[in-house]
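Trainee: Spelled out from the first residue to the last, the chains are:
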Amino acid sequence: MPRTILKIENLKTYFNTWAGVVQAVDGVSLEVKKGETLGLVGESGSGKTVTSLSVLRIVPRPGKIIDGRIMFKDEDLLRKTEKEMQKIRGAQIALIFQDPSTSLNPIFSIESQLIEVIQQHQKLNKEEAKEKAEILLDIVGIPDAKLRIKDFPHQFSGGMKQRVAIARALSCEPSLLFADEPTTNLDVTIQAQILDLMRDLKSKFDMSMVLITHNMGIVAEMADRVTVMYAGRVCETSSVNDIFLHATHPYTVALMRAIPQIGTEKQKLQVIPGNIPNLINPPSGCRFHPRCKYAKSICKMKVPELEKVEKGHLTACLRWDEIKKTLLKERERAA
Amino acid sequence: MKELPKNVVLEVEHLKKLFPVFEKGILFSHQTGSIHACDNVSFKVEKGKTLGLVGESGSGKTTLAKTILYLFHPTSGQVFFEGIDVFKTFRSKNKQDILSLRRKMQYIFQDPYSSLNPRMTVADIIMEPYQIHRHIPKKEWPIRMYELLRLVGLEDYHSERYPHEFSGGQRQRVCIARALAVEPEFLIADEPVSSLDVSIRAQILNLLGDLQSKFNLTYIYISHDLSTVRHICDEVAVMYLGRIVELAEVNELFESPRHPYTKALISAVPTSKPGQKSNRIILPGEVPSPINPPLYCRFYPRCKYHIPICKKKDPKLEEILNKHYVSCFRGKEKLD
Chain A
0 MPRTILKIEN LKTYFNTWAG VVQAVDGVSL EVKKGETLGL VGESGSGKTV
50 TSLSVLRIVP RPGKIIDGRI MFKDEDLLRK TEKEMQKIRG AQIALIFQDP
100 STSLNPIFSI ESQLIEVIQQ HQKLNKEEAK EKAEILLDIV GIPDAKLRIK
150 DFPHQFSGGM KQRVAIARAL SCEPSLLFAD EPTTNLDVTI QAQILDLMRD
200 LKSKFDMSMV LITHNMGIVA EMADRVTVMY AGRVCETSSV NDIFLHATHP
250 YTVALMRAIP QIGTEKQKLQ VIPGNIPNLI NPPSGCRFHP RCKYAKSICK
300 MKVPELEKVE KGHLTACLRW DEIKKTLLKE RERAA
Chain B
0 MKELPKNVVL EVEHLKKLFP VFEKGILFSH QTGSIHACDN VSFKVEKGKT
50 LGLVGESGSG KTTLAKTILY LFHPTSGQVF FEGIDVFKTF RSKNKQDILS
100 LRRKMQYIFQ DPYSSLNPRM TVADIIMEPY QIHRHIPKKE WPIRMYELLR
150 LVGLEDYHSE RYPHEFSGGQ RQRVCIARAL AVEPEFLIAD EPVSSLDVSI
200 RAQILNLLGD LQSKFNLTYI YISHDLSTVR HICDEVAVMY LGRIVELAEV
250 NELFESPRHP YTKALISAVP TSKPGQKSNR IILPGEVPSP INPPLYCRFY
300 PRCKYHIPIC KKKDPKLEEI LNKHYVSCFR GKEKLD
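Going down the list, the protein sequences come from chains A and B.
Under numbering that gives the first Met the number 0, the letters of the first sequence match residues 0 to 334, in that order.
Under numbering that gives the first Met the number 0, the letters of the second sequence match residues 0 to 335, in that order.
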């Protein structure tokens, strides 16, 4: 039985802006088991990134963690002092940012940026740290690592920069890695290279990984379990197979149908009507109800809790039982 | 004028666009080479059909599209639209001819955040083409504008708003409405959905499809996202370093790609089916610089199927099967 490495309970992160309080993350609960890859899926503004920043406690101002518990290896990260957090960041929990061209500092060489991280957490002198940095660059597949380590970020292409960012994240062999849309800005062939690399490294370093993405294809390929987020809340959590084959939350179902598949022929896509809600003044009750085709009056009033559908399959929908039956019928008809 | 084959709306012949690269000297800068953004590209598009242009960033998709519309000045080559020589018309500086040609060919830009003027209301944005082309009487402008808004799925009250009040998907709808204001016959959509969210993406793709069947529009659809291409295109051209390496009917291309690059590109797209392990072809290295590319096959450094001739000669785009063009010396073989 795999142990839980990270458990987030009822996390609330709000941003106090002039226009009002943005409820970016509002009661998120999720769990990462040891050695697994959790896919965190959702559209922009659904709170995926803020969740990961909250875990590392680096939510930018005016954001604030209001409530909740973040249990990492049975310790509550929200109770730690800033000094204790510094020892965890990078060393035990690392983060790969979305955009490699802005997450590397343009005025320092790759060498000094890697050495900085290594020396921060490990008792190595400069020579040893440099040697380690070279080995890391070699592992992430940068040719001529010994020469390229002296280069600056602008001398690397996007894919290469992301490789450097991965090397930096892995430098202290963290046990949990957050990868925030690591391939969004890259071309498909480079994306394939990076995903392959990340899968290899995950088993090599025996890490758990949270892969944040909005690309369902990447999720299908990389993740063991999936958590779907919408407007700051969790809609559904289950194994990757269940999400793709037996999703019960209307948002997950609609999202799957809205994605064009490369393997199928020309046909009309099913559309989710409307837009993503404004989180300053989110819809009452279930936040998906204005766009949901199964919504009834109760959905406007009551906030759905995560309920158990099956073992390891949670869904936050008041009417999942009925919806599950209708979906089953639809699938039978299609087949 | 040129007689085009029946049904063909647009014909591009040996189109070339080079951008000069300069280096600073002591006194004067001198040209050290050129970026071959678009090199000897030829294709045809039929009426009412959609041609997809796919390729990685830097492969010259956008340059090709903009050169067709004379937004970039071509280095050489010709483009015929309904028999009219496009470049000759634009070079002639005859305002009447240019406007009537522009009316027929429109462009939807990639980024709806930067292609709308933030200081104009939506009504002004959509009515601006009327001011330029003056093809309908002024009294009808607002009526047409409201019609267009409804056509692209916006409401009447949106006309008084400014672009910043809209979400990305709504802005892209405004861009589409503006392009449609002059009743074009041919539209180039340059990555119209790449900056939008998944659920909004489907809305815009369906809208483009509906408009096509309603007005019998012809599209060139540019994208790096192969799954959307499969959905809305009839024909697909794959570009690599400024060249078309493969051109075929959409199902043919996706089911039996012949060029090694197309194979790798299609296999690299993650399929949304868990447990189905794709036999992914990982291409080594990255796209080389388009400044002074090699005289032999441009894909040679990353190709695992190469044979000696690949490093000696430059392959030409040849028809290997009915309407299936490949630019590879081994295009006729089935490579595995």
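In short, the hints are calculated from the structure, not lab data.
It is possible that part of the hints are untrue.
In silico lysine-lysine, PhoX-like type, Cα no more than 25 Å apart, as pairs [said to hold, decoys possible]:
#, chain 1, residue 1, chain 2, residue 2
1, B, Lys138, B, Lys15
2, B, Lys272, A, Lys307
3, B, Lys92, A, Lys267
4, A, Lys328, B, Lys15
5, A, Lys301, A, Lys11
6, B, Lys272, A, Lys323
7, A, Lys32, B, Lys46
Pulled from the structure, derived: some chain A residues nowhere near chain B, Cβ distances all over 10 Å [said to hold, decoys possible]:
#, residue
8, Leu29
9, Leu52
10, Arg147
11, Glu172
12, Ser202
13, Asn274
14, Glu309
Even for Gly, the Cβ is constructed at its ideal location relative to N, Cα and C.
Trainee: Holds or violated: are the alpha carbons of B:Lys272 and A:Lys307 at most 25 Å from each other?
Mentor: holds, 24 Å
Trainee: Should the label of A:Asn274 as a non-interface residue stand, given a Cβ cut-off of 10 Å to chain B?
Mentor: Per Cβ check, A:Asn274 is inside 10 Å of chain B; nearest 5 Å; violated.
Trainee: Taking C-beta pairs only, is A:Glu172 more than 10 Å away from all of chain B?
Mentor: holds, 25 Å
Trainee: Evaluate the condition: distance from the CB of A:Leu29 to the nearest CB of chain B exceeds 10 Å.
Mentor: holds, 19 Å
Trainee: Check the hint pairing B:Lys138 with B:Lys15 against an upper bound of 25 Å on the C-alpha distance.
Mentor: violated, 44 Å
Trainee: Holds or violated: are the alpha carbons of A:Lys301 and A:Lys11 at most 25 Å from each other?
Mentor: holds, 18 Å
Trainee: Hey, B:Lys272 versus A:Lys323, does the alpha-carbon distance stay inside 25 Å?
Mentor: Measuring from Cα to Cα gives roughly 20 Å; hence the hint holds.
Trainee: In terms of Cβ atoms, is chain B entirely out of 10 Å range of A:Ser202?
Mentor: Since the minimum Cβ distance to chain B is about 15 Å, A:Ser202 lies beyond 10 Å and the statement holds.
Trainee: Once the closest CB in chain B is found, is it more than 10 Å from A:Leu52?
Mentor: holds, 20 Å
Trainee: Are all beta-carbon distances from A:Glu309 to chain B longer than 10 Å?
Mentor: Holds, since 16 Å exceeds 10 Å.
Trainee: Checking one constraint from the list: CA of A:Lys32 to CA of B:Lys46, max 25 Å. Satisfied?
Mentor: Roughly 55 Å between the alpha carbons, so the hint for A:Lys32 and B:Lys46 is violated.
Trainee: Check the non-interface label on A:Arg147: least C-beta distance to chain B beyond 10 Å or not.
Mentor: holds, 14 Å
The structure fails hints 1, 3, 4, 7 and 13 (numbered hints given earlier, in ascending order).
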